Each structure stands twice: as C-alpha cells, then as structure tokens.
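Engineer: One-letter residues, chain by chain:
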Amino acid sequence: MMRRLSMPMRIWLLLMALTFGSVFIAEEMSGRQIVVAAIFLIAAVKAELVMDHYMEARHTQRHWLIMYFIWIIVVTLLLVGGHGWV
Amino acid sequence: MDESTKRAIERGLAWIGPIWVLGYFYFWGYLGRNFPPPNMMAMTGQELVDQYYSHSSIAVGMMGAASFGMLYAIWSLLLATIMRDENGSMGPLSVLELGGGLLTGWLLAFCPAIWCACALLAGQIDPDIIKMTHTFTWIIFDCTYWITTMQMGAVGLWTVLNKRQQVVPAWAGWTAIAIGASFIALVFMPFVTEGPFAVDGLFNYWIIFGTWFFAYFIVYNIYVLKHVYRSPEEQRIALGYAVA
Amino acid sequence: MAELNPAGDPILEKGPGTNGIWTFVFIDMLVFLMFFLVYLSERHRVPDIFIESQHHLTPWVALLSTVALLTSSWCVAESVHATRRGDARAVIRWLSFSLLLGGVFVINKIVEYSGKISAGISPATNSFFSFYFLITGIHFLHVCAGMIFIAHCRARASQETGQGLYLKKIENTGLFWHFVDILWLFIFPLLYLTELAR
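Residue numbers (our numbering), protein chains in the order written: chain S, -3 to 82; chain G, 118 to 361; chain C, -9 to 188.
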C-alpha cells in the first residue's frame, strides 16, 4: 500500500505522526527540560521534512539550501536553549 | 544646467545621508539622551522631570535634532529622483517614497522641537503637563510609523520589481519591505509600561531602530553613493535604460 | 524572474521557484527569528507570567491549526507535481483542498481570538499575550496572503497549466506557503506546549 502513496502523502503521514507525538509528549511526560527539548527537536525534524520534500530545497541554489538549513538549526537551538534556565 | 553641475549636486545631496546620521546621532541620541529614551509610560511626571529633563544637554540636543531632522527628507528626495522612469517622470513608487521620506523627515524635526520646549519648561510648569506633552509627542513619533513603512515599501518594491535596475540588489529591497512591515509592533507602545514593546524596549526601540539603521539606511546610503559617483553612461546602464 | 532569449521565449531559472522568493522568504524568516529572540528575552525576565499565561491557551485548538496547515502544504505540493504533469484538473482540485484547509486555519484563529477577547484577554494584558497576539497575528496575515496567491493560481490553472511561467508561479506560491507552515511548526510548540509539563 505504501508504494501506491505519493511521496508528499507519505511525508504528510510522517508529519502527522510527529505532530501528535509532540503533543502527547508535552501533555503526558514530566521533566520540563526533556519535554521542551523533545518538542522543539520534533519541530525541527518536521521543518526539515517540509523544507526537503515540499520546498524541494535540495534542487535550489546551494547557498539557499545551506542558509535555510542553518536557520532551522539556529531557531531550534535558540528555542531549546532559551527555555533552559527557567 | 550642465552635466557636471548636475553630478556635483547629486553627489552633494548623497552625502547629506551620512551627515544626517552624524548630526542626528549626536544631537538627538547623545545630547538628547535617547540611547534609549526614558520609559515615560512607567514614570510619573515628576520622575520624568527629575530623571530625564534635569539634564541640561537635552534642550540643545533637541534643537540640533530639529535642524538635522529635515536632512533625512533631502536625502529621500534624491532617492526619489533616482527611482524615476527612463523618460524622467516619477512613477507611483517614486512619489510614495518621496512622500514617505518628506513626512519622516518632518517628523524627525517636528517632535524634537516639542521635546525642546519640554526641556526648557521642565523646571517651571506642572510636571504632569511636561509628561503629557512628552508622551503624546512620542506616540506621534512612534505610532505614525506608516510614513516610513510607506517609504521603505515603495523603495523596496522598486528595488525588487524593477528587473532592469542594478543600482540596489534585490535582497536589500526585500529587507526594506520586511523592516518597514515590522514597524507594526509599534502600535503596542502606548499600552505597555515594560518589556520589549515599551518605548525603550528590546523590540520597539533597539530592534526596530537598529535594523532600520543598519539593514536599511546604511545599505541604501552605500548604494546611492556608489550610484552618484558613476559616469552618466554607467548610471544609465545601472538604471536599466541602456545595455552595457 | 524570467528574462527573454532573442526568440522571445522566457529563460526560466533552474530549481523550484525563483531567486526572488527564496530571498524574500529567507528575510521573512530572519524577522521571525528576531521575534523568537525577543520572546525568549522577555520570558527570561518574567518567567512566571509566561508560564501561567500559557495555561489560558487551548493546545488542541492550535493542534487543529497545525493539522490544517500541514495538510494544506501537502495539497500544494501535490498541485505542483500535477502542474509538472500538465494535469490542470488535478491542479485545481489540489489547490481547492489547500484553500479549504487554509480557511479552516483562518476560521479557527478567528474563533480563538474571539474567545480570548471575550474572556478579557488582549495584547495589553501582559507581555506573553502581547507576543501571542503579535506573533500569531503577523503569521495570520501571512496565511491570508498565501491564500490569495493560491486562489490566483487556482483561477489561472485551466488556462496556464503547461506554461513554464505558470510552473514558476505555482512553485513560488508553494514555497511561500510551506514557509508559512514551517513558521507555525515552531510557533505552535513555543506558544502552546512548552509550559504544559510542570
């Protein structure tokens, strides 16, 4: 069945799983530091999936691919780190 | 008027941009003690008079700012002439930029004139009246941001949509549009007494003024200066009127 | 975007979309990066306000928004593939779905805002809510703009599918829409999820 699904749809299924997973983690798990790191890491993975498979960033000019990828990393580190001290 | 005189005028006007920077930073920023401004929404009239208007440099600083303010308008008018069509007429973007630049320059002069009056009267009249005057002037200064958003949107769109011009790169145009749009956060300024959206806040002062200056004004000054030092023929090529 | 070769045909850039949209989107991403930075600095200053205020939000409402936007992105991606196949009817179908889902996001957001305001919560309530309204508000404007671009592509699909310039147009629209989606992927946990585990 998986072979008959288009690539965008397969990515969508993965994105849905990750989305519900992150809400589950946020609602049910304890340990704030871990939860915060987990939900933003999941967000980063989702963003990378969208960038790679929907935006098709690998097919654009190399400097954009790098800069967009770095943005995801910087935002994720910022958001995780920024919640780290309280 | 002969060509060399026109070039000389253009170059003189282009240097008004950096002169505005020096004058305004010194008078409004340093002497006027606006790095950053006092957070008047969180102060009583007496506190504002005691902690801010007690500095004797403020009246002089604001008078200097009232003079230097309009230099911004002059620079903006030069920018509008650069944005003209090939036949010399001003398209709508050029006129929008001109209008926005004029109004911004006026505001940069007009508000300091009022703050100068506040500074001179601070010891003599009811401090609450000083706070009222100071406050509504800041609300005018900050919250009529559309005059600058309009200017930056216009020059940004010209930069991006005019495919033939090579005076300013497209990224600078997008940046101008983005920064102009980000001013919308200024609507929060009168309603908050602390935090990033206050008059001296991280966003509404440091980021908005900082990005406006470093990522827009300096960038466009550099490209305008480069342009006015080109030969007439190189200028025509840069503007897309002629092919190299 | 497209220059003309001597024959008058457009010379289209390689890769999805045009350089202009990649530039514009990147700068817009930098603006939101600054919003996130300022949000964190304020949260660091008054953490209790942020922690307490987040509990006034309803994560499942935002979850619906997330699902709608992600699904809408999928639909736009499919519409781009359909354009490359030259299948105009599929293009229209996929773009219609994406508009519908965009509409779900919009209505959801309006309902959410109305709920907050009738509960007495506004941007002036405290700095968390200033950010909540500002960040989601500006994002909302981006969603509206994206929907206008999608609607335009849908309107032109039957006539222009198969043309190189239309492909660029729909790719650009897709890139902008996916960017709007990516922003929400970070905004959602930031505003709605971080303080739930205490």
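No lab work stands behind these hints: they were computed from the structure. Incorrect hints may have been included.
The list that follows gives simulated cross-link-like pairs (lysine-lysine, DSSO-like), each with its CA atoms no further than 27 angstroms apart [what the hints assert, rightly or not]: (1) G:K280 - G:K343; (2) C:K106 - G:K280; (3) C:K99 - C:K4; (4) C:K99 - G:K280; (5) C:K4 - C:K106; (6) G:K343 - G:K123; (7) G:K123 - C:K99.
Between beta-carbon pairs, the in silico distance windows are [what the hints assert, rightly or not]: (8) G:S173 - S:S26: 57 to 63 angstroms; (9) C:I100 - G:R347: 50 to 56 angstroms; (10) S:R6 - C:K4: 48 to 54 angstroms; (11) G:P349 - S:R6: 58 to 64 angstroms; (12) G:R201 - C:I100: 40 to 46 angstroms; (13) C:V36 - G:Y143: 41 to 47 angstroms; (14) G:M249 - C:H46: 31 to 37 angstroms; (15) G:W323 - S:R6: 40 to 46 angstroms; (16) C:I100 - G:D167: 44 to 50 angstroms.
Remember, predicted model here, so these are calculated numbers, not experimental data. For every residue, glycine included, the Cβ atom is placed at its ideal position computed from N, Cα and C.
Engineer: Look at each hint and say if it fits the structure.
Structural biologist: Hint by hint, here is what the structure shows:
{"no.": "1", "hint": "G:K280 - G:K343", "in the structure": "holds (19 angstroms)"}
{"no.": "2", "hint": "C:K106 - G:K280", "in the structure": "violated (45 angstroms)"}
{"no.": "3", "hint": "C:K99 - C:K4", "in the structure": "violated (37 angstroms)"}
{"no.": "4", "hint": "C:K99 - G:K280", "in the structure": "violated (37 angstroms)"}
{"no.": "5", "hint": "C:K4 - C:K106", "in the structure": "violated (46 angstroms)"}
{"no.": "6", "hint": "G:K343 - G:K123", "in the structure": "holds (16 angstroms)"}
{"no.": "7", "hint": "G:K123 - C:K99", "in the structure": "violated (55 angstroms)"}
{"no.": "8", "hint": "G:S173 - S:S26: 57 to 63 angstroms", "in the structure": "holds (59 angstroms)"}
{"no.": "9", "hint": "C:I100 - G:R347: 50 to 56 angstroms", "in the structure": "holds (52 angstroms)"}
{"no.": "10", "hint": "S:R6 - C:K4: 48 to 54 angstroms", "in the structure": "violated (26 angstroms)"}
{"no.": "11", "hint": "G:P349 - S:R6: 58 to 64 angstroms", "in the structure": "holds (59 angstroms)"}
{"no.": "12", "hint": "G:R201 - C:I100: 40 to 46 angstroms", "in the structure": "holds (43 angstroms)"}
{"no.": "13", "hint": "C:V36 - G:Y143: 41 to 47 angstroms", "in the structure": "violated (35 angstroms)"}
{"no.": "14", "hint": "G:M249 - C:H46: 31 to 37 angstroms", "in the structure": "holds (34 angstroms)"}
{"no.": "15", "hint": "G:W323 - S:R6: 40 to 46 angstroms", "in the structure": "holds (45 angstroms)"}
{"no.": "16", "hint": "C:I100 - G:D167: 44 to 50 angstroms", "in the structure": "holds (47 angstroms)"}
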